[in-house]
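Chemist: From first to last, the protein sequence lines stand for chains A, B, C and D. Numbered per this note's numbering, the first sequence spans residues 111 to 220. Numbered per this note's numbering, the second sequence spans residues 111 to 220. Numbered per this note's numbering, the third sequence spans residues 111 to 220. Numbered per this note's numbering, the fourth sequence spans residues 111 to 220.
Check before you lean on any hint, since a few could be wrong.
Intra- or inter-copy, both count: the list cannot distinguish identical chains.
As a list, the in silico DSSO-like pairs of lysine-lysine whose alpha-carbon atoms are at most 30 Å apart [unchecked claim]:
1. Lys209 with Lys192
2. Lys128 with Lys159
3. Lys216 with Lys204
4. Lys185 with Lys159
5. Lys197 with Lys128
I should point out that these hints are in silico values taken from the structure, not numbers from a laboratory.
4 protein chains.
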Amino acid sequence: MTCDLDQLIQKIIEFRDKRNWAQFHNPKDLALGLSIEAAELNELFLWKKPDEADPARVREELADVLIFVLMLLEKYGLDFEKIVLEKLAANEEKYPPEKSRNSAAKYTDF
Amino acid sequence: MTCDLDQLIQKIIEFRDKRNWAQFHNPKDLALGLSIEAAELNELFLWKKPDEADPARVREELADVLIFVLMLLEKYGLDFEKIVLEKLAANEEKYPPEKSRNSAAKYTDF
Amino acid sequence: MTCDLDQLIQKIIEFRDKRNWAQFHNPKDLALGLSIEAAELNELFLWKKPDEADPARVREELADVLIFVLMLLEKYGLDFEKIVLEKLAANEEKYPPEKSRNSAAKYTDF
Amino acid sequence: MTCDLDQLIQKIIEFRDKRNWAQFHNPKDLALGLSIEAAELNELFLWKKPDEADPARVREELADVLIFVLMLLEKYGLDFEKIVLEKLAANEEKYPPEKSRNSAAKYTDF
């Protein structure tokens with residue numbers, strides 16, 4: 111599955127500009143919005159077993175998180191794939207399989 | 111810019127399986143991990159003006175958030191583009207331009 | 111157990127003023143700091159069973175959250191006991207025992 | 111201002127037990143609930159200037175955060191004042207005035 115990120119980001123920008131919302135969308139408030147949506151996603155699991163969240167609502171909240179992620183990528187001119195591949199490479203170093211296999215420990219606690 | 115999501119998710123799955131980490135990656139903990147990374151992103155803006163976050167660190171933390179988002183998309187079998195386009199359509203309804211233009215009000219406060 | 115809140119808040123104010131930090135402590139950043147500490151508390155439970163967090167670290171992170179709560183109470187001139195008792199009374203209305211007994215449902219989902 | 115913490119916690123426990131909610135209140139979900147309420151507090155500041163949050167709603171959301179804090183203090187048998195004073199003492203070490211005066215830097219970035 112490929113996805114056309116430019117087109118998605120384009121639609122998000124259009125949505126924003128039709129409402130003249132760029133005035134509110136500084137990076138600090140975008141980051142704040144992202145974490146608020148992340149909390150709404152988490153609320154679907156509160157008091158519940160790990161598999162009991164309503165999938166239809168997970169779908170909605172995950173989309174909300176994604177929209178803020180895309181706005182931040184656009185704001186900072188970042189390449190989605192590139193930054194994920196870089197981070198995975200960095201994580202290979204921080205979590206060598208021989209140390210981290212079967213372990214949930216954070217690398218600072220090795 | 112297109113991106114090959116299948117390939118990205120493939121690499122994330124390989125990283126996880128090389129460490130046998132699927133045992134920890136239930137949806138509830140994935141959502142929790144996502145919000146923890148979102149907080150680390152927000153920490154880059156704490157006490158600062160909106161444009162003062164270190165872009166190199168924003169890059170890293172946004173990648174961390176994205177990795178959790180991709181793992182949740184994979185866990186729930188969701189299509190990245192599809193769910194974003196659906197949510198934008200729903201938001202068109204909730205935030206008609208005539209009501210929301212220039213306004214930061216949440217739709218529940220209209 | 112009673113606690114002398116004025117004295118606690120006094121010490122927090124002194125700590126802040128010795129470092130001339132009031133310049134950073136606007137309500138928005140205090141709220142942001144609170145949620146960042148809440149995420150650090152949550153990180154102690156990530157990937158773990160509910161009772162497996164390190165109690166010594168829970169103690170530290172809960173203290174961090176409390177310090178931000180106290181700073182916000184001071185900022186808004188709020189009475190700790192009063193606002194909790196008010197909220198419990200409001201919750202009595204939202205969650206009548208006959209509807210909420212044994213149920214984890216949010217009142218909006220009744 | 112002193113406050114009777116035992117009495118407050120007593121009321122919270124009664125509220126919980128009248129609804130038989132202890133079954134849901136494991137530490138991990140209590141921490142999760144706390145961060146969700148912290149996000150609702152933060153939402154009052156989203157897109158706004160630091161002093162523009164509605165004080166009546168700050169009052170409510172701060173109370174929600176406090177209730178979860180008190181439940182976690184009770185769960186771990188922690189003394190409110192004691193853990194705050196300990197943390198302030200530890201912070202004195204991490205943030206010596208000569209290094210931290212007028213600086214928003216985190217101690218790891220000194």
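Chemist: If a hint holds in the structure, say so; if it does not, say that too.
Modeler: The hints, checked one at a time:
Taking the closest pair of Cα atoms, lysine 209 and lysine 192 come within 30 Å of each other only inside a single copy of the chain (26 Å); across copies the shortest separation is 37 Å, beyond that limit. In this homomeric assembly, lysine 128 and lysine 159 come within 30 Å of each other (Cα to Cα) only across copies, at 23 Å, whereas the closest approach inside a single copy is 41 Å. In this assembly of identical chains, the alpha carbons of lysine 216 and lysine 204 lie at most 30 Å apart whether taken from the same copy (9 Å) or from different copies (22 Å). Taking the shortest Cα distances, lysine 185 and lysine 159 sit within 30 Å of each other only across copies (15 Å), while inside one copy they are farther apart (37 Å).
Taking identical chains as interchangeable, the C-alpha atoms of lysine 197 and lysine 128 lie at most 30 Å apart only when they sit on different chains, with a minimum of 16 Å there against 35 Å within one chain.
Violation of the numbered hints given earlier is absent; every hint is satisfied by the structure.
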